[in-house]
Amino acid sequence: MNDILQGLSAAFWLVVSLDAELIDISLRSLRVTLTALFISCIIAVPLGAYLAVQRFRYRRFVIAGINALMGLPPVVVGLVVYLLLSRSGPFGVLGLLFTPTAMIIAQVIIITPLIASIAHQAIRELWAEYHDLLISLNTTKWQRIKTLIWDGRRNLLTAALAGFGRAIGEVGAIMIVGGNIDNVTRVLTTAIALETGKGDFALALGLGFVLIGLSMIVSVTIHSLSRTEREGRW
Amino acid sequence: MTQMLPLALTDVTVRRRGKRIIGPVTHRLEQGPPTIVIGPNGSGKTTLLRVMHGIERINAGQVAWTHDAPDQQAFVFQSPIVLRRSVAENLAYPLRLAGVDKVEITSRVTTWLARIGLGAFANTAATRLSGGERQKLAIARALIRTPQVLFLDEPCANLDGHTTREIEALLSETATAGTRLIMATHNMGQARRLAGDVIFMLNGKIHECGAVDYIMNTPQTPELKAFLQGDIVT
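Protein chains in written order, with the numbering used here: chain F, 1 to 234; chain D, 235 to 468.
Because the hints were derived from the structure by calculation, they are not lab data. Given the structure is predicted, the values throughout are model-derived calculations rather than measurements. Each residue gets a CB set at the ideal place from its N, CA and C atoms; glycine is no exception. Among these hints, one or two may not hold up.
To be verified - A short, non-exhaustive set of chain D residues, derived as facing chain F with CB atoms under 10 angstroms:
no.: 1; residue: Arg284
no.: 2; residue: His287
no.: 3; residue: His301
Unchecked claim - Okay, derived cross-link-like pairs now, DSS-like style, lysine-lysine, Cα gap no bigger than 27 angstroms in a straight line:
no.: 4; chain 1: D; residue 1: Lys253; chain 2: D; residue 2: Lys439
no.: 5; chain 1: D; residue 1: Lys336; chain 2: F; residue 2: Lys146
no.: 6; chain 1: D; residue 1: Lys459; chain 2: D; residue 2: Lys439
no.: 7; chain 1: F; residue 1: Lys141; chain 2: D; residue 2: Lys336
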């Protein structure tokens, strides 16, 4: 209990004093996570919609595969990305290991199946509702996908927020590919892991509370901007 | 504009899971006053309309339009399908698909909103409308591209008398303006008011067809006679 109170106190002072390192780490966390989220959404949302409207051989197998990848162990992802980006790996020449870009790549791999799976579920339900109308209007496949993504945007937002939540709290993979280098790849989660290892529980908890606060602020902001709770008007 | 009609159905059969839904059906639809499809539940009215519209796969036979133009026909479903958008956006949707310019879209949407009495709800989410309002919106959306042929599957089912009268007035105006209506209904009064000719479906086949007065006043088969008297026909 004492540690938690000290953590709350540490979090309070870190925020109130506008601690330069905290701001730097927080902004890096946000930058890495939001970039990964953006890239993932660009891949996952059209993929989910395509799987909902298009019938093809092995479709069920692909959907089952994506669902299975939702539970991909981040440490394994980190290890694979590490091997791919290391000097002896196929992409070693790019020199991306231990950079924020490597962390973004790992996060994209982790959250894309999650977003694609939730997006597919949401769009499949909407497609069942719209099917006859869109067929009747003689729409092209691309028009159907565009319509379903636009009209299902509120549910897709939930998919994106789930991806954001997973990415911002991710530590295993980005620790491996980022290396937790001060002022370069250190983010809130890896900083928490570091402080816990050093035995500074108060600071670790403080950073933890900042992480939770940041996550909540982003979620509320996205909800507010997209007016998810105002169904009466568009 | 090239005339789509006549429409010729030749020995059309539809089966689902090995069970015959309709067929063999042979019929020819000419340009003219509204055709009303009547018959007991499960007789194949909806399937017949869907086959004509081209949204139901046929297992045998042929459906041949004189000039096939999918964008010149529209379908109104028994349960109105509204897009999760505003009322105005629902009306604009088919026009956008057709690549109509923005000024023309605004003009036509405004006209139709006034015509169906939903001007005050232009920016309201269509999902918030009542059943009758939704059906009026669905009909207006189907008519906004001025189709040559309009299919309606029991558009007034479960609606009150006032809304039914409004929809019938709208349909009469539409028919007078030259759109060919083909409508399924259970309401014999409505059939008498709107029909030019009637198709009586029974067990997936066209049992009788002809001009409305002839069908209603001199039924040739005991099944149609029983149906018109309100008896249960199987």
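Going through the hints against the structure:
Of the supplied interface hints, the one on D:Arg284 holds, with its beta-carbon coming within about 8 angstroms of a beta-carbon of chain F, less than 10 angstroms. The closest approach between the C-beta of D:His287 and any C-beta of chain F is roughly 7 angstroms, which is under the 10 angstroms cut-off, so the hint is satisfied. The interface hint given for D:His301 is broken, as the beta carbon of that residue sits about 15 angstroms from the closest beta carbon of chain F, more than 10 angstroms. Distance restraint check for D:Lys253 and D:Lys439: the Cα-Cα separation of roughly 14 angstroms lies within the 27 angstroms cut-off, and the hinted pair is therefore satisfied.
A threshold of 27 angstroms between alpha carbons decides the hint, and for D:Lys336 with F:Lys146 the separation of about 19 angstroms falls inside it, so the pair holds. Our distance criterion of 27 angstroms between C-alpha atoms is met by D:Lys459 and D:Lys439, whose separation comes to about 17 angstroms. About 23 angstroms separates the Cα atoms of F:Lys141 and D:Lys336, which keeps this hinted pair within 27 angstroms; it holds.
Checked against the numbered hints above, the structure violates only hint 3.
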